[in-house]
Amino acid sequence: MNTPSMLSEPPSRRGSIACVGLGMVLGSHLTPLARSHIEQADVIFAALSNGIVEKWLERMHPDVRSLQPYYGKGDKSRKVTYQEWVDVMMAEVRKGKVVCGVFYGHPGVFAWSPHAVIEAARSEGYEAHMEPGISAEDCLYADLGIDPGRRGCQHFEANQLLFFDTRINTDTYLILWQTGLVGDRSFKRLRTEPAYRQLLVEVLNKDYPLSHEAIVYRGATLPIEQARVRRITLGELPNVDITAEETVVIPPLSRPRRNRAMMARLDALDRMFENPG
Amino acid sequence: MTNTIELLESIGQDASLRHASAQDLEQALESMHASDALRRTARTGDVRHVKMELGGKDGSVNHNPPPFNTQTPPPPPPPPHKNEQA
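Residue numbers (UniProt numbering), protein chains in the order written: chain A, 1 to 277; chain B, 1 to 86.
One or more of the hints may lead you astray.
[Stated by the list, open to error] Within a straight-line C-alpha distance of at most 25 Å, the following computed DSS-like cross-link-like pairs (lysine-lysine) qualify:
(1) Lys97/A - Lys51/B
(2) Lys55/A - Lys73/A
(3) Lys55/A - Lys97/A
(4) Lys79/A - Lys188/A
(5) Lys73/A - Lys51/B
(6) Lys188/A - Lys76/A
[To be verified] To list a few chain A residues with every Cβ distance to chain B over 10 Å, as calculated:
(7) Gly27
(8) Trp56
(9) Asp63
(10) Ala91
(11) Val98
(12) Ile146
(13) Asp165
(14) Ile215
(15) Ile224
(16) Ile232
(17) Thr233
(18) Met263
(19) Leu269
(20) Met272
[Said to hold, decoys possible] These stretches of chain B come out as covered by chain A in the derived footprint (C-beta under 8 Å, 3 or more residues):
(21) 11-18
(22) 39-51
If you're looking for bench data, these hints aren't it; they were derived computationally from the structure.
Virtual Cβ for every residue (Gly too), placed ideally from N, Cα, C.
Just chain A, with the same shape it has in the complex (with noise of 0.2 Å):
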């Protein structure tokens, strides 16, 4: 039984936080649940796309924090920045605030600091929670036709190629996320040149003849803006002009092969199961 002391005495108020996503588009995209969680935080850190998108933020909530100070100017590496981006919310978290970190598209797709900011607050016993967002990628599919349930679809960070030996599989969509700054091992660089480029076509070139289409896409930000698609051949892409923001997307170049070894056994399955006994 509560005695009156510690019915008087107010609850410890324990800090939280809730990494959501904006969406990609202007008041297109944000959900009402992530709105809620927006308008219901004490302080909100914000890593948008834009400033135009940053300044409707501000309207929702009346202390924005913005994450984009804290990159260097080419100097610094951006895993040094995003550190900085967990230590700066964990520190109002360990305040006891209700702390929302609010990150363009979806917070845990491509993203490194929500779903790390995430992990130390719950090692450290506080509530954190993700809240998902419509991301580059949600907008990709619909912006090309795209369905990656048909062909299936792979996605990489443009680098993996690069770094490291990777299997393709070319009867899938393969979709290259980062190309503009291929090649960049510093962190530091938002574009690379298109030797850096080259070697990517290299690598792909092992799997896909060079004439084979490559496509463009930059989706858009503000909702007087259409998606960008520029259908290109794999040969050229070192020689157009790539930012960070655009996504390189390979349609399948071959077929499936049947399994027929599994079909039969699925066949199999089939008698035993549609005609038992």
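Fit chain B to the given chain A structure using the hints.
Chain B alone, transformed into the frame defined by chain A:
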């Protein structure tokens, strides 16, 4: 002149405007008393106009991580000592 952020939010939530033709969008923006910069952006597709209007603050963010496994793998363990092999 109507607030540009408010207008952008309205357009983003309006099915008839979000994918309207440039001409239809421009007419709609005119009737909404949109700023010159917003109308120019809708007409040309160049978002720099509206960015300038809102203080020139751009700064697109790249919060993608480098591949998580870029560290040099640890060296292989030393070969076992002769005595241990025996």
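Against the structure, the hints come out as follows:
For the given pair, Lys97/A sits about 32 Å from Lys51/B by alpha-carbon distance, which is inconsistent with the 25 Å threshold. Restraint check for Lys55/A and Lys73/A: satisfied, since their Cα atoms lie roughly 22 Å apart, inside the 25 Å limit. Pair hint Lys55/A plus Lys97/A holds up; C-alpha atoms about 23 Å apart against a cutoff of 25 Å. Among the hinted pairs, Lys79/A with Lys188/A is consistent with the structure: their alpha-carbon atoms are about 9 Å apart, no more than 25 Å.
Between Lys73/A and Lys51/B the CA atoms are separated by roughly 20 Å; this keeps the pair inside 25 Å, and the hint holds. Distance restraint check for Lys188/A and Lys76/A: the Cα-Cα separation of roughly 6 Å lies within the 25 Å cut-off, and the hinted pair is therefore satisfied. A beta-carbon of chain B comes within 10 Å of the beta-carbon of Gly27/A; the shortest separation is about 2 Å. Distance check for Trp56/A against chain B: the nearest CB is about 5 Å away, which does not clear 10 Å, and the non-interface claim fails.
Asp63/A, annotated as away from the interface, keeps every beta carbon of chain B farther than 10 Å; the closest lies near 18 Å. Non-interface status of Ala91/A relative to chain B is upheld: no Cβ of that chain comes within 10 Å, the nearest being about 19 Å off. At roughly 22 Å, the least C-beta separation between Val98/A and chain B is larger than 10 Å, which holds for a residue marked as non-interface. Against chain B, the non-interface label of Ile146/A holds: every CB pair exceeds 10 Å, the least being about 19 Å.
In this structure Asp165/A is separated from chain B by more than 10 Å, as the shortest Cβ-Cβ distance comes to about 12 Å. At the 10 Å boundary, the C-beta of Ile215/A stays outside the reach of chain B, the nearest C-beta of that chain being 19 Å off. Non-interface call for Ile224/A relative to chain B: violated, since the shortest CB-CB distance, roughly 5 Å, does not exceed 10 Å. Every CB of chain B lies more than 10 Å from the CB of Ile232/A, the least distance being 20 Å, so the non-interface label holds.
The beta carbon of Thr233/A is kept farther than 10 Å from every beta carbon of chain B, the shortest such distance being approximately 25 Å. Once the 10 Å rule is applied to beta carbons, Met263/A is consistent with being away from chain B; the minimum gap is 36 Å. Residue-level check passed: Leu269/A sits 39 Å from the nearest beta carbon of chain B, beyond 10 Å. The Cβ of Met272/A lies farther than 10 Å from every Cβ of chain B, with a closest approach of about 44 Å, so its non-interface assignment holds.
Using a Cβ-Cβ cut-off of 8 Å, 5 residues of the stretch 11-18 of chain B lie near chain A, which meets the minimum of three, so the contact claim holds. Counting residues of the stretch 39-51 of chain B whose C-beta lies closer than 8 Å to any C-beta of chain A gives 6; at least three are required, and the coverage claim holds.
Of the numbered hints stated above, those contradicted by the structure are hints 1, 7, 8, 15, listed in ascending order.
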